[in-house]
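Single-letter residue listing:
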Amino acid sequence: MKKFICIVLALTTLSSLLLTGCGSGGGGENGEVIVYNWGEYIDPETLTMFEEETGIKVVYDEFETNETMYPKVEAGATAYDVICPSDYMIQKMIDNDLLAEINFDNIPNVKNIGQQYFDQSREFDPENKYSVPYCFGTVGILYNKTMVSDPIDSWSVLWDEQYADNILMQDSVRDAFMVALKLNGYSMNTLNEDELQEAKNALIEQKPLVQAYVIDQVRDKMIGDEAAIGVIYSGEAIYTQRENENLEYVIPKEGTNVWIDSWVIPKNAPNKDNAEKFIDFMCRADIALMNFEYITYSTPNTAAQALIEDEDIKNSPIAFPDFSQYENLETFHYLGSEGDELYNNLWKEVKSE
Amino acid sequence: MIKTTAQKIYIVLIFIFLYAPIATLMVLSFNASKTRAKWGGFTLKWYSALFRNDDIMQALFNTLLIALIASVVSTLIGTVACIAIMNLKKRSRAVVIGITNIPMLNAEIVTGISLMLLFISMGLKFGLGTILLSHITFCIPYVILSVMPRMKQMNPYTYEAALDLGAGPVYGFFKVVFPEILPGVLSGFLMAFTMSIDDFIITHFTKGAGVDTLSTKIYTEVKKGIKPEMYALSTIIFMTVLILLLLVNRRPAEKKK
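Chains as they are written, first to last, in the numbering used here: chain A, 1 to 353; chain B, 1 to 257.
Take the hints with a grain of salt, since some may be wrong.
[Said to hold, decoys possible] Label-pair distances were calculated between CB atoms; the ranges are:
id	chain 1	residue 1	chain 2	residue 2	range
1	B	PRO21	A	GLU127	29 to 39 Å
2	B	ASN249	A	GLU309	55 to 65 Å
3	A	ASN315	B	LEU245	29 to 39 Å
4	B	LEU182	A	LYS267	35 to 45 Å
5	B	ASN106	A	PRO208	32 to 42 Å
6	A	GLU51	B	LEU18	38 to 48 Å
7	A	GLU127	B	ASN53	35 to 45 Å
8	A	GLU309	B	ASN106	28 to 38 Å
Don't read these hints as lab results, they were simulated from the structure.
A quick note: this is a predicted structure, and the numbers were derived from the prediction, not measured.
Heads up, the beta-carbon is just placed ideally off N, CA and C, and yes, glycines get one too.
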């Protein structure tokens, strides 16, 4: 018994020493780049290709929401080289002086990114100094052709009583308020109390008609014909249409949210040159195409869009909308902690009704 | 008669409530279609994809390794701590036990963020080592909680008697005290192991780039939807634990034969 315990002890201490002792396994011949990205948001093949072509080792880390990513970057626990946050989070990071300006001379492939995406990026990155768009999408209404009677072109259909208990809303404060604010013709970034109260009342009014407030279950529910109408992201829409041919996606006439996830470089990045090489590699047409096919979320890379073989997808207004065709397309702003508190309190009132 | 059938129905309902989600998971792991809304046909492709997926296999290895090391070390430290606590005066003992209970009552996010800030201020490089340190830290209270009742139940004079009869302190401990507290030590070890495998939030804040445990890996798939390889992995883990439990509980019956 004693011998057994001693052996276990020895082994444990040995292995724990080994593990704590060895930190990084050393970089590649040209150093390394530490990437922090969403889960399932890159084709692993592209990382292998990057390592082979540049000799730079990729240390890849993943996060699940902007909010869990931010404290780790702010505290500086691990110094990342390149991160892929969403629009409003990029604005928050710029405001808190966490980002470094990107030297676009080192990223010649940035010319592949369409100009309309850079213009839209100005909503959170006013001078396009800090970010390079990676994926984008819109939010719209997904509906089942066989379960709705009239054509749909407006957010007001989510308040239509004939679809009671057949409506799915997003369980997210900003997405839900976006729908209500746009319906009433207001900006989805407003901090005006009266406008927000109107939106809140509209949401409370709508509550009895809603089957469920969900996030990614919208996909499965709509595929399974469990609901007639749902608010969904454009990237998911194409996937659901493949699984269920009765589903259609539309961007309402009152306008909607365009979201963009972009690459940024934090100020404390230890390998800034490698970071810029990484972003440049991601902007290559063939690499962007590989990522598009893996992630299925729309790519802002116009050169990659031209390479898509499936004509339906290439010309799809769902996957690649022409922003000039729509009115009132907005991107989320960072509202500041007081703005966030205001929205959260109103959302609590809606949810607890 | 009615009472027994009612009891049986009640138990069946409870079991359905507990295991329906797991049963659904197991069925879906064989579903050829990615979505739960459609049955796409029976397939084993998710299982083969699971074993070919290096990231998930690495995360599984990390999880098991961390759990094993953390539970062994925290059991050692916890048991030694219990011996020490037993020899304290009553007031100091109450204070120390109160302090060890705090990590258990605390919200895990508080523990996670405070450990992260501590490691940053100490200048440690985040990686597998920092995860180990944090897991050992939050597992120790559970070990102490399991071992203390056993130590209190023990007759304190048997140890003294052993010393009187000529045993050295260490020999006396291993021959007299240790066998009595062994069940508590084992259950503390298992608790620590479970808590370590289960942990997400503390691991999330104290891990370095490129190191993943199963829980953080599964969580990162939240945005895009969880891959069916995870269903396959969960099914395998569940079946392993189930078989182990059946084996452990069958052996006494076989002995009686």
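Consistency of the hints with the structure:
1. B/PRO21 x A/GLU127: 29 to 39 Å: Violated, at about 50 Å.
2. B/ASN249 x A/GLU309: 55 to 65 Å: Holds - the Cβ-Cβ distance for B/ASN249 and A/GLU309, about 58 Å, lies within 55 to 65 Å.
3. A/ASN315 x B/LEU245: 29 to 39 Å: Between A/ASN315 and B/LEU245, where Cβ atoms are some 57 Å apart, the hint is violated.
4. B/LEU182 x A/LYS267: 35 to 45 Å: violated, 54 Å
5. B/ASN106 x A/PRO208: 32 to 42 Å: Between B/ASN106 and A/PRO208, where Cβ atoms are some 40 Å apart, the hint holds.
6. A/GLU51 x B/LEU18: 38 to 48 Å: Cβ of A/GLU51 to Cβ of B/LEU18: about 46 Å, so the range 38 to 48 Å holds.
7. A/GLU127 x B/ASN53: 35 to 45 Å: Given range 35 to 45 Å: holds, Cβ gap about 41 Å.
8. A/GLU309 x B/ASN106: 28 to 38 Å: violated, 55 Å
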